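Put the two chains together into one complex, using the hints given.
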Amino acid sequence: MAALGTPLRTLRALLRELRHAAGRSYRDSPAYRHVLAAFRAHRVTSEKLCRAQQELHFQAATYLCLLRSVREHEALHREYHGRGERSPQEVAGLVGFRLPQQPGGKG
Amino acid sequence: MSSVAMWRGCRRLWWAHSPPARLPRPPPVDAGSGPVGSCGRRAYAPPAERKRFYQNVSISQGEGGFEINLDHRKLKTPQAKLFTVPSEALAIAVATEWDSQKDTIKFYTMHLTTLCNTALDNPTQRNKTQLIRAAVKFLETDTVCYRVEEPPALAELQKNEWDPVVAWAEKRYNVTIGSSTSILGPNIPASTKETFVSHLASYNMWALQGIEFVITQLKSLILSMSLIDRHITVEKAVLLSRLEEEYQIQRWGNVEWAHDYDLCELRARTAAGTLFVHLCSESSTVKHKLLQD
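Going down the list, the protein sequences come from chains S and C.
Residue numbering for the first sequence is 1 to 107, as defined by the UniProt record's numbering.
Residue numbering for the second sequence is 1 to 293, as defined by the UniProt record's numbering.
With the rest of the complex left out, here is chain C (with noise of 0.2 Å):
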């Protein structure tokens, strides 16, 4: 997995500090031919890394909400927004994101901070009908809907893990999903997609951000939507979206730095993602029940 270069890709996607500091180029090269860049840089460097340069992390209210603040700065986006979310509870996650960086500021580790910046930003531009049709597009290749013929255990597996998750997908929302073996994928009718289109457009913008990347992760809307209405924890969704995977490792082995990190990855990412949904699209109110006795 070249995660390296991925992140070099996507590091002025990630950069949120707010003055005009300079990003520190590494010294210029001595030697002189080989891949060297046109800007000095060797084209395999790792990007050099962010020093955590701020002691405290704190949380204050402005006018649009809650705003970070590293020291005395305040927190921005990579597009020099001022970073604000609506809700404290998910100040307060962002901000212990950032303060459990220790020594060097590992971007790739802030899924929460991420999460905001996109949903602050709308890098991709696009607006709630763009990101619906996106995510019940989804449904269409959905993983728990392709299954397989054989191996006849892994497809015993699939019909014995799979097949409660659709069920209580149709039961809940009153559509037909069904599943199927065949390289097509399963016929879904136009009126699923409508109830599906019509459940996704009670959330908010920020919610649908949140939802779409859910999806993304898992491959799948129908274990995205069980996870955002609570019906399995995000440990069982991500299980049940890598059930191939899982089956494999059981018979052929667990391979660590491959498999584990994948792991650890996606169930960062799905919590990141569930949590921020919940945490944009709920509103508590506190009622203090007088007590009579």
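One chain only, chain S, in its complex shape (with noise of 0.2 Å):
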């Protein structure tokens, strides 16, 4: 699997994600937190092939597939789907009208 780079180059892009989508304090949500023991744990090794860390980057370079899918889905969403047809009240606002209020409500 030589498509997914250094560990280090996806755990940046990783946490750069979870900084888009925490806000504020993104430093103490859990997931950074996670993430960042997870990279720890699994950095010293005896191994020269670690099957776990392997494991550990393939899932974290998953996850930073969704978040940024999720993303940008949610930008092209935003920018192309239709927002649906107009209330009555908007229709009418169109050319200066205001739907007449019943107060005893209709019929």
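A hint or two may mislead.
Claimed, not checked - Non-contacting residues of chain S with respect to chain C, defined by C-beta distances greater than 12 Å in every case (computed):
hint, residue
1, Leu8
2, Leu11
3, Arg12
4, Pro30
5, Gln54
As the list claims (entries may be wrong) - Derived CB-CB ranges, DEER-like:
hint, chain 1, residue 1, chain 2, residue 2, range
6, S, Leu8, C, Ala190, 43 to 51 Å
7, C, Glu49, S, Arg33, 47 to 55 Å
8, S, Val95, C, Gln130, 53 to 61 Å
9, S, Ala3, C, Gln250, 15 to 23 Å
10, S, Thr6, C, Thr124, 40 to 48 Å
11, S, Val95, C, Arg126, 34 to 42 Å
12, C, Glu149, S, Ala37, 48 to 56 Å
If you are wondering where the hints come from, they were derived from the structure by calculation, not from laboratory data.
Treat the numbers as computed from the prediction; the structure is a model and nothing was measured.
From the three backbone atoms N, C-alpha and C, an ideal C-beta is built for every residue, glycine too.
Structure below.
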């Protein structure tokens, strides 16, 4: 799986995405802390080919793809998706009218 | 794409709020005639959006697993069961989804929550055997097994991109799959299906729901298995699944509001499904080794 790149790059991109998702207090969010702790825990190992490290890297890359594509999908949706019909009040307002108010309800 | 109509139909499946809060009804229509439904709502109005009603999202551990708290209320599934997940990482990811909603709650972006709800409620009420059967049934109509004969550029592209994946699957699971250009598709021997059935039986129920979801999104059992076995990345799997579309996009041009929209949605769903499967089927233990110096 050479397409994954280095773990550092994935980690940085993932933390950036979490920052976009969380807002102000992103450093205290459980996701941020969990990701950092997981990467730290798998850093030091005596094995040359660490399977757990690769699994973690793949999971991080998958989560990064999820966050990124959700953000892009939402942006596209906001830009292109239709807003639906106007309500009768808005339609009346287009030509300067207001709908009559009937205190007791209709009929 | 009439996504609005689709969401309206699925709206009942996605309400996850626990206390008996009434759904906010839009104000009654004053003007008389028009496409007014029996409950006073217009037929084509989008559903009233749920505002974000909580400030903090946190996780707590209960008897069955990890639970999500919205402020002080516990999250529940659409069938009013308590929302419990077995894995802490999954709970954190779901909490992040809920926390990243601003102003309004957009359920169509919360893929992990939807998957957890499906696993907990099992609305289609299928048991493990039925799920496995539905998953393996996709092999007969697997995308990477269906090849075209013309245009030759596309046939060549399919051969170059899809053949390695099929070869990998055949080697990994010790089966014969093959590919075909006929309308009936490849002839999958029964032993191949048996192998896949027994392999899928080793996953638990939650992971199987995730696997079946990924297969339905990618329209291919082989691509899903290579994704779950970490042989290819999510982006590559989505690219392979949409190979013909990508070819046509390169030929005729890209339409952002259709192609990119579908691409992002497919990537999001596939990534969510894969992450769900991995988080539900792993068990991590930490072994501390003593440093000897």
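Hints and how they fare:
Non-interface status of Leu8 of chain S relative to chain C is upheld: no Cβ of that chain comes within 12 Å, the nearest being about 17 Å off. Here Leu11 of chain S stays apart from chain C, with its beta-carbon at least about 15 Å from theirs, past the 12 Å limit. Separation of Arg12 of chain S from chain C is adequate, the least Cβ-Cβ distance of about 17 Å exceeding the 12 Å criterion. The non-interface label for Pro30 of chain S is inconsistent with chain C: the shortest C-beta to C-beta separation is roughly 5 Å, within 12 Å.
Some Cβ of chain C comes within 12 Å of the Cβ of Gln54 of chain S; the nearest lies about 7 Å off, and the non-interface call is violated. Here the CB-CB span from Leu8 of chain S to Ala190 of chain C is close to 47 Å, well matched to the stated 43 to 51 Å. One distance hint, 47 to 55 Å for the beta-carbon pair Glu49 of chain C and Arg33 of chain S, is violated here, with the actual separation near 31 Å. The given range of 53 to 61 Å is respected by Val95 of chain S and Gln130 of chain C, whose C-beta atoms sit roughly 57 Å from each other.
A beta carbon spacing of about 20 Å between Ala3 of chain S and Gln250 of chain C agrees with the range 15 to 23 Å that was offered as a hint. Taking 40 to 48 Å as the suggested C-beta distance range, the pair Thr6 of chain S and Thr124 of chain C conforms, at roughly 42 Å. Taken as a hint, the range 34 to 42 Å is violated for the pair Val95 of chain S and Arg126 of chain C, whose Cβ atoms sit roughly 54 Å apart. Under the hint 48 to 56 Å, the C-beta atoms of Glu149 of chain C and Ala37 of chain S, about 53 Å apart, fit the expected range.
In the structure shown, a violation is registered for the earlier hints numbered 4, 5, 7 and 11, in ascending order.
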